[in-house]
Amino acid sequence: MKVCIAGGGKVGFYLAKSLLAHRHTVTLIEPIEAQCRYLSNALDIPVVLGNSIHQHTLEAAGCRECAAFVAVTGSDEDNLIACQMAKHLGVKKTVARASNPQNRELLHTLGVDIVVCGTDNLGHILEREIETESIRQLLPLAGGTASLNEILLPDNFKFAGKPLAQIDVPREAILVSLTRGAQFIIPRGDTTLHAGDKVICLTREDSLHELMVRWELAL
Amino acid sequence: MNILVVGCGHVGTALIQKLEGAGHDISVVDKHPENLRRLSDNPNYAFGGTALLGDGTDPEVLRRAGVESCDAFVVTGVEDADNLMSAQLAQKIFGKTTVLCRVSDANLAKIYRERYNIETICPTELTACALYSALRGEE
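Residue numbers (the working numbering), protein chains in the order written: chain A, 1 to 219; chain B, 1001 to 1139.
None of these hints come from the bench; they were simulated from the model. Treat the hints with care, as some may be off.
Below 27 Å or equal to it, Euclidean Cα-Cα: the simulated DSSO-like pairs (lysine-lysine) are [what the hints assert, rightly or not]: (1) 93(A) / 2(A); (2) 87(A) / 1018(B); (3) 87(A) / 1096(B); (4) 92(A) / 1092(B); (5) 93(A) / 1092(B); (6) 1110(B) / 93(A); (7) 2(A) / 87(A); (8) 1031(B) / 1092(B).
A partial selection of chain B residues facing chain A, derived with a Cβ cut-off under 10 Å [claimed, not checked]: (9) 1057; (10) 1060; (11) 1082; (12) 1085; (13) 1105; (14) 1108.
Treat the numbers as computed from the prediction; the structure is a model and nothing was measured. No residue lacks a Cβ here, since even glycine has one placed at the ideal position from N, Cα and C.
Kindly generate the complete structure, drawing on both the sequences and the hints.
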């Protein structure tokens, strides 16, 4: 796959490196000349000197033939406009880095396919470190904005013995299955939950946290 | 009219003075305090509107500056990307219909006008046209 990366800072550099290791074709766009020279020497790939919001720069980087465009400059505004311009040139998949967590949704609304927020993800990783006692992520989904998780219900589980219909579950969370010893159960409204049950749960990232709060799990 | 101006550089300040002179109510946002200070530079003019220090690409800042109740939204900053993001917020998030946006790169100005329906004003083009017609006038 041919990928164009806008922004040759640390994120852009290591992203290019890892894409190359996976045998993708990579071009980089970087506005500082000295950094361009460093990047092309270190990575041995074409590096275009310029501002990634400008069409001629994007075209020089071969954007029209790229399957994906990734904007990882330090400016959320530049990343947005660069992705929109890449879309304009026919790139199917655009990815932007958002430094400001509130821009994650915003950039997506304005047409960027995938928005990755470093600050946010770091926050989630830290949160997860704290929550690992009773929770395990099985699968991240939708660019890290949702996930499939396994929750081990603790001895003092707040809703132990109660049917699911009476248990407080956030709207954007679904209990997929539960395992009780060797028994596998697809939960319904009349299914009761017990301490020691392992619950597989599909949630949005914020509703997972909400679920932990409502169920008083390891906080 | 209530007009929200994003960017208080040379262009923004000159525009605000004209608009206030014509009796409009102005609210202005700029992330640099030294730019907002420009408003009090002219001894023959006293700014009568609201000035807010903040990022014009932050919806919360725009909200505090009164984007929801303004009749027109004008972006005058020097960074094309910042300007285009502000203008898109006003148009797509806040549903504003009168949105004007300064864009220095002529090609970007054209693409955002045609593809994103944003009324872009390109100072590069305008200056070139003005110089051209001035030269023609000389002939």
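Cut-off 10 Å, beta-carbon criterion: hint that residue 1085(B) touches chain A
holds, 4 Å
Does residue 87(A) lie within 27 Å of residue 2(A) when you go C-alpha to C-alpha?
holds, 15 Å
With a cut-off of 27 Å on the C-alpha distance, tell me whether residue 1031(B) and residue 1092(B) pass.
Since the Cα atoms of residue 1031(B) and residue 1092(B) sit roughly 22 Å apart, the hinted pair holds (cutoff 27 Å).
Check whether the Cα positions of residue 87(A) and residue 1096(B) lie no farther apart than 27 Å.
holds, 24 Å
Between residue 93(A) and residue 1092(B), is the straight-line Cα distance small enough, at 27 Å or below?
holds, 21 Å
Proposed interface contact between residue 1057(B) and chain A, which counts if any beta carbon pair is under 10 Å
holds, 5 Å
Going straight from one Cα to the other, do residue 92(A) and residue 1092(B) come out at no more than 27 Å?
At roughly 22 Å apart (the allowed maximum being 27 Å), residue 1092(B) and residue 92(A) satisfy the hint.
Can the hint on residue 1060(B) be confirmed by a CB-to-CB distance to chain A that is less than 10 Å?
holds, 8 Å
Within a Cα-Cα threshold of 27 Å, do residue 87(A) and residue 1018(B) meet the stated pairing?
violated, 38 Å
Would the hint on residue 1105(B) be counted as holding, given a Cβ-Cβ threshold of 10 Å to chain A?
This interface hint holds because 6 Å falls under the 10 Å limit.
Using Cβ atoms only, decide whether residue 1108(B) comes closer than 10 Å to chain A, and label the hint accordingly.
Since the shortest Cβ distance to chain A is 7 Å, the answer is holds.
Any CB of chain A closer than 10 Å to the CB of residue 1082(B)?
holds, 5 Å
When held up to the earlier numbered hints, the structure conflicts with hint 2 and nothing else.
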